[in-house]
Structure formats: structure tokens, C-alpha cells
Amino acid sequence: MFTELDPRTSSRCGENEIFICFASFEARCKGAPSRLKNYKAKKSYIIHIADEPSERREQMVIELRKILSEFGELCVVDTKHSDPIVGLLALSQELQTVCDGSTPISVTLDISTFPRKQMLLVLRLLEKLHLMESIRILYTEPERYLAALDIPLSFGLKEIAIIPTFKGKYDPQEELKLILFLGYEGDRALALLENIEPHKVIIVIPKPAFYPEWEGKTEELNQAVLATVGEDSIYYSHSQDPDSTVDLLERLIQPAEGNIQDNWYIAPLGTKLQALGVYYFTSKWPDVASVIYAAPLKHNEEKFSEGIGKTLIL
Amino acid sequence: MEIIFLALALYGAVGTTISLATAVTDAVERVKQSSIENLFLKCFIRATNRSNVRKNYLDIRIDKTLVSDAIELLKQIPKPINDPKKVLREICPKFGASITIVKTGKSLEDSRDEVYKILKDAISEFYTQLPLKEPAFQQYVTDSLRRATANHKSQEESLESIQGKLENLAEKQEMMYDKLSYLNPTVLVKESGREEFRNPFRITKAEEFDHNYPLLASLFRKPANYDLIQGRDNLLLAGGRGCGKSMILRSLTARTALQLQTKNPNLQNLPFKEAGLDYFGVYIKLAKGYFGDCTSDAAINAGTAVQLFQHVFNMQLLKATLDSLLENRDADIIDVSSASERSIVEKIGDLFGYDDIQLKTFGELKQVVIREEAAVRNYLGGVRMGINREYTGVCTYVSDFPRDFCRIVLSEISDLDGARIYFLLDEFENLAEFQQTVVNTITKLRPDSLTLKLATRSLGVKSRIDLQGEPIQSPRDYQVVPLDYNANSKDYRELLFEICEKRLEAESYKITDIKKLLPEAESYCELGKEYVQGIAIEILKTKHEVEPDKLKEEQIQECMHKMGIAIIHRKREGYKYPKIYSGFKEFVACSSGIISNFLEMCKMAFYLAESSEQNVRDGSPIEFNTQNEAVYIVSEASLNLIPRNIPNTGQKLANLVYDLADIFRAKLLRHMSEPEAARIVIKDPEKLDDYECKELVQILNDGMKWSVFQNMGTVNAYFPKHKSDVRPSDFTLNRILAPKLKISPRPRMRTEFSTDDLSKLCNKLTRHDKRKMLVERFYENHPLFENKGNDVN
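In the order they appear, the protein sequences are chains P and S. Note that this note's numbering has the first sequence beginning at 1, numbered continuously upward. Note that this note's numbering has the second sequence beginning at 315, numbered continuously upward.
Derived by calculation from the structure, the hints in this document are not laboratory data. Since we're looking at a predicted model, the values are computed, not measured. Cβ coordinates follow ideal geometry from the N, Cα and C atoms, glycine included. You may find that some hints are simply not true.
To be verified - Some chain S residues near chain P, calculated using beta-carbon distances under 8 Å:
(1) Ser-495
(2) Lys-504
(3) Pro-961
With the hints as extra help, turn the sequences into a complete structure.
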């Protein structure tokens, strides 16, 4: 379970520390780094989307550079929104150079504004490099999301695809079941559902919501998806607790019993911390389910989120 | 009328006057041709059916007389209604008494909270159903109020202020329409397929049959060329979205094919050897799989990708075959002895080249397949992550592995002696070009133990060569079977009629003749035939400068045929539903040759009818208004799908569709010789190859792939363009979009565009001016049709 970051006791300095964050157009990408008082790292990485110009994002990069330069050596890793593998390979090379095996390395990963696909890929990379054992994950919420029925968080659909390295077993003869974590982007969830055309869909709604006043918003923004299923197909998992997501997925898919009967797809469109839970599940039970994602064409940068909320630490 | 007071007070105007309520009531009855009570009753029934009461108890009964009594009770409430919510609470027990749960026999008289929700929901829908924005309605209300001037004076309320109120009511209605989820067409389309509604058309996609082979077989209707499809040749089934490709492939799977073979629908699991089938169908839905992101940056070279995909594809074929054999053996359809199983497994094991593994069962062989897939997955995963890994699997090739394992299976299982394995590969368009080349290699080799039946959407074929670079020849390597139907053809109508018959039979409907359940309204019912005829005569009179009595009957009929739909749209411009769609024939026409479009409209019509207590199951025909509403809802949902579901170009494609519709509508409303010119003809198709048209081509191609545009009868549309080919230049908009776009569903005449016109419509900087220019091009004012000048936005 995440707890709120206490700036007085949050420092974890060291020669063997690595800091990774993502530069977004959202102000909250500065939240966690600015709250890490007296923090030092061997090297800090800002992952930066280079193929889509955004004034807001570039401004955040300048501000993040300023904050992170206090930590120690800084490196900006360019990636592409259209192809996150590019940045991943660059980060992989960097990390393999730093993690030469001579000393144990610990990682602080700020997942606040990572797109879910990028976040899952970075987590998988850290896992492959055996860096997940000593990881500290930070997450900062915005003060509020501006999503409403007439104000979408994103526009259009770029692609729907299984995230590389998150492909699970697939038997063409067996039924396809989709576990769809819902968030504030109803159209994206609906597009994913209609493109995948699963035999059965299981809906997961974040409950309790991050803030009490956000309760019910997911349902309001996903009426079309909810209209496709009966109440017996709706489940809930905690918006802030990845373990709650792991528990739910274990209950639904039952990997412990072996011999999984169906093809399972998981679509983590819910909260970032639910997506983290999805990662933990696939890491604990590899090859059991595929993680599928619908990437938007563009985010609504003007009306996405406001302010910097509390920072949580895992 | 009493209910109007409550609705207006809740959602519109506080302190509604008697004259306004009376005028609105009269106007509704006149315009909607339904009493206000009936309109509310329908909304109340629908709200009850949407409620949790229906979800929890499934069977409920609504006593219409008691609902009327409850409405009557409202007369006792003093007007104007100042606290409508309080009134709503007070009347709950009366309305609750009208709802009975069949299982318990109890009414909802005491369930105040539940009834309150239902009533609020019903009144919201009722309010949005008022035709407040329609010109005829407004005119009627105004006239009615003008007649009652004396009343207004006595109430110190001027006509102007009432008209202002009316506008506010319409504005409020617009806002509510956006907020009420149950009025959202996408929500309605989704909801209408829910199991509890037992809609005979709830299954519109092949996937929804799951593994219910008897149901699939009972609802499947063979297309005319089924013998060819069933034959031993490799085949490419090509057709737009929703034309039934997956259904055909699934009909060929072993269990469904056997079910279709048997004459007795109750006889399940007919043994394979008794059925006389000479093929054993194995269905596979294709996906790019681990190769989805094989870009140049992904650090996998083309040779490695081809080699690994061959192995993965072979493993998919083998795994699907093993699963199918197991399923059919478990269902006693084929007999596979332990000795046969062991022999098959050992021989296929040898194909892998393992020395040290002894395999005995299908299950063990499947584990080997899973391990091989994992080897490729881990290797590619490592490469993706920039971490070098050693490949731990073996390599198999499409040139021999599928042929050999199929031979082994066929020779070891005596029931399959003489048969062939048909691999039914759906969604071929999902494969990348290099993956299609791998699959093509099998079709080129035409092994004697297997046949490939491929299904693809328009423009889904990306590769027409094999791994040796040899071109695929049709019909030698595979035959192409186009599945696009002409919406006007008799065959298509018969196909849909029989599909409906089977579905209605399966759900025990008293009447299974869809034409009886979807009756056709009279021609030109919107205005009346006489009125349309009158206008046609006026048109001819002006055109030929002759007296009406000199006109021949054929001339009038021809003019009505040519201008009828235009006249309706011109006279009903600004109406929510300018043209009324009803009847089997109109459903067929609007389906645009796409079976799933037709099924969606039927599903919605049956859903709306059942939820407003039209007893269709017992033979009552579906009311015209309900049919019409269903068509508009499905049309709007289809339109909403474009920006949401089409990757990359969805929004731009949607914008282009709206712009084209504006242009076609301008012609429909203004043009005197070619009103229904919804055929898009590109004057200079050769320019589509220019670099400047790259984005336009992408948008047009995506439009074709997703059946937003249709290009009837062009087989080449399914293949990648060869340098010497001329691109298709004649398109129509999918007719399902016509109702919502308020254009004619009959694309009878051409409208020519240059590539420059279309490119400019696709560019946000030039779009507005170009659209305005194109719309204005079709202005042709006629004294009979006043130019309201609101076409150009």
C-alpha cells in the first residue's frame, strides 16, 4: 500500500541511487522531485517525448532539469510517442552502463505522468535488469482532473495493441476474456472493447476513488461500456493499492490453479496504481495474460489536470 | 395534459401557464400523432424496463390503466407547480401500484425510492421527446397561442414572452439530451444486446456465439456460393466490415459443419465419418502477435523476423489443430485411440528434431508448442529491451512443417481418412506485410494435406508474393470470393429475410416473417402522397410551362420518384427526423449491403418495441415511429464510431464525412435536376499517387477498410495497388449514415470532386472555405422551395 511521502524523511541519497521520471505537460511531473529534500542520485533520467512538440512539456523539461540537476548527474532520454521502444532501448543501454554489476543499485521511479504503456515497459526493463528488488516508486496525483462528458482527457485513437513483452498465452480455440480497468476516458475504453470483441468482458472500477469527491466519476464517464454488461460483470479494486488489483486478478484468472482455460487480456485504463498492480500480476504470473492498451492520438493538454496533489510512496 | 405541467416544471419553466401547457399538448398530439398520455406511458414503460427492478426481477408487469389513473390524479395538484420534486414524491405510490413483480405478485406501491427514480427517468425522457425544436411544432404552438390572445392578456403574459419561454425549453432539452446516458445512441446500441432483453437479434457478430455450435448452425444461412467456399481450393473471402466473413469461416469449423450437415437440429454430435464431410475445419483469428512492433527501430532484422514468424505461425496452426482434435474427440465426433494419439505425437515430435524428449499425448505435445512460443517471446522481449539473449527454441518452416503434421494427423486418424485440414484464418488484414508473405507461401505450395481459407476486409491484403518473391496468382494459388452485397439485389434481401426467419424461429416468435413485423409506412407518409404529388405537378408545370391537366401520369410518377425524397427533406428541413424510415425494404436499403448493419437496426427496433410494451413476440407489428427511431439511433451510433474507433485518421475521416454530407444535403435541398447525388466521383484519380495526396489516400483507404466508404464490386479494392493500377475513383457513403446526416440513402447520381477539393477538405486550414465553396456550388433556387440559407455554416 502506498503512503504519503514525508519530505522530512524521504531522502535516500547515495552513490548507488538512480532516479527516473517522465517529463509531461502536466505540472504534477515536478511534484515528487521537488519534494525530495536533500536527495542525491548517481544519475537521474528524464524520459522525454521528442516526436511531438509541446510548449507545455518543454517548459516542464526546463523546470525538471533545474530540480534534478540538484540530485547529481542528469541525462535526458529522448523517446517517441509513436514508438516507445526507441526510448526504452536508449534507457536500457544507459542503465546497463551504470549497472555494471560492481555495486548494487537502487532505483527511485516516479511514475506520476508516465503514459501507462511507457511505465509498464520501463518496469519490465528494470525487472530484466534485476533492478526491481530495490525499487522505490513515487506517485503524485493532480489536484483535480478536468475530465467531463464534454471535456475528454484525450482525442482520437492511435493504436490498440498488446504491449511488447506483455504477451500472454493465446489459444485460438479458447474464449477471449477481457478485464477492462476503467478510468476517465470512456471513448478509449469503448474503442478498445469494440476493437477486441471479446467473448466476455469484466469491468473493474476504482473504488474507493483517489479522493472521495471523485467517487462515481468513472461510472459517469463510461456509461456506454457499462451498458454492455450486467452487474455481475462489474468488480472493484482500490484506486491506490496495487495489491488490491493483484488480488482481484488472481481471483478472476485463478493462475494458482494452473491450466488456465481461457485467453485473458487485461486493459489497464484505470488508475496508474492499478496499472502498477497489473504489472505486479504479470510479473508474478508470467504468460498467463496479455496486457493490451489503447493509445490516444493526442492528450487534451489544455484541459487535462490541474495542480499538484499529494505524493505517495511505495 | 397534466403530465406536461409536471415535466415543464421539473425541467423547463417554473410557473407554466395553462395556455402554454395546452398549446404544447395540442402541438405534440398534432406533430407526433400521439396523445401526450400515450407518449408519457411509453416513456414510463421504458424507464421501468431500464430500472434496477427489471434487472433484478427480469419479469415485471405494468398495468396501463393504473398508470392512466395516476396521471389523472395530477389534476388535483394546484397549478402552477412550484415544487415539482415534492409532487413527484407524492405521486410515487400511485405509479408504483401499476408495476407488479411477476415472481412475487407484489406491486411497487411501497417502494417509493425506486418508483421515484423510475418516474424521474420517465419524465426526463418524456421531456426530451417533445418536438420543441421542430418548426411545425413551434408554428402550431404559436398559432394556438395567438388564437388564445384573450387568455394571455388576462394572465398578463405576452405572446413574445411565451415564445421566449419556448426557446428556453428547447435549449434546456438540448442540454438534457447530452446528459441522459440512456438517450445516447451508443449506450442504447450496447444496452439493446443485453441478454435479459432476449432480443432475437442480440447476436450480431460471429464471436458472440462463443462455442455454441448448434446455435451458430441453426442461425447460419449459407450464401449462394457456399459450394465454392466449401471446396478444396485455397480461398480469400473478401468483404467489408460486418458482411459475414467470420460467420462463414466459423460455419466451416468441424463441429458447426457437422451440425449443418445433419438434417435434424436436435441431433447433436453427429460422428464425423457418418457426416460425409471431406474436410476438418480449424478456426484461427490472426493477430500480429509479438511481431506487432517490428519497426526498423526494434532491433530485429527482416530475416530474423521472417524466420521466427514462420515458427510461431506453425506453432499456432499446430496448437489450434490439437485443440480441435481434443474438442472433437471429447464430443465423440472423431475416434482417436491412445495408440493413434501416441503415434501422431511421436511423429510430430520428430518434426521438431528433438532427440531427448519422449512425447505420448496431445497434451504433452501442446506443452512443447507453448514452450516454443515462449522461446520466441523471450528472445524478442530481450531484443526489445536491448538485452541480448540466446534463442532457446528450434526453427520450423512453412514450406514443410504444416504439410507434414497435417499428413500425420490425417493418416493416423482413420475417421479423417481422405479428408483435408482446412485452416480458417480470420482477420488476415491484421498481419503485417512480411507475415502475409509467409502465409502466402503455403498457398503457393498448395500442399495436399491442407487448405487455407483466408478472410480479409477491404484493402486488407498487403502482400501478393511468397517468400521466394513469386507473385500469388488467382485463382491458381487462391480464389477470391467477394462478399460485398448489393443492397438493391434480390439475393441480398432474401438472405436477410431468411436470417431473420431463423432468428425469430429460434426465439419462438409467433410470426417469423420479418416483413410483417416491420411493416412499411405509406409512401411519403411524412407529408402525404397527395401533397408530394402536388409539388411534383408544380415542378413539372414550371419546367414544361404546361397546365397540370396536360401532364401525363408517367411524367408525374417519374418526377415523384426523382424528387420525392428531396421534397420531403425540403419541406421538413430542421426536423429531427425529416424522413421516416420504416419497413423491411428500407431497413435493407439502409444496411448498405452490410448484414451487421441490418441486424443492428432490427435489434434496436425490437428492443425499443419490447421496452415500450409492443407485444412483438406475440405477433404485433413494430410501430412506424419505433422503427424510425431505431434507424436514426443506429445511424448516429455508426457515425459516432468513426472518430472513436478508427486509429489515426478517425477524426479527419469523420470531418470529411460531415463535409461531404453538407454538400450532398445542399444538393438534396436545392438542386432541381440531381438532388440525390451522393456518389463521390474523383475526377483525377491519377493524382492520388502524388505526394500531396498522401494524407487523403490514407483517409480514403481507412474509410474503405472500415466501410465508411464503399466501392462496390471492385475486387481490386482488396489488394495492394500495383504501380500500373488506377486507384478506385467512385465511392459511396455507407447508407447507414444517411439518416443521421439527413441525406438521401439512395446515392443515385454523381457528384464530382477533384483530389484538390478533397485534400482541402481534409486540411483544417482550408476546410471551412472549401466546404462553403462546394456547398454554394449547388445552390439552385426554385420558387417552390424557399432558400432558408442555413446550409453554409
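Quiz item: Does Ser-495 (chain S) pass the interface check with chain P, least Cβ-Cβ distance below 8 Å?
Solution: holds, 4 Å
Quiz item: At a threshold of 8 Å, is the proposed contact between Lys-504 (chain S) and chain P supported by beta-carbon distances?
Solution: holds, 4 Å
Practice problem: Double-check Pro-961 (chain S) for me: the hint is only fine if its C-beta lies closer than 8 Å to a C-beta in chain P. | Solution: Given a least distance of 5 Å, the restraint on Pro-961 (chain S) holds.
Consistency note: the structure conflicts with none of the earlier hints.
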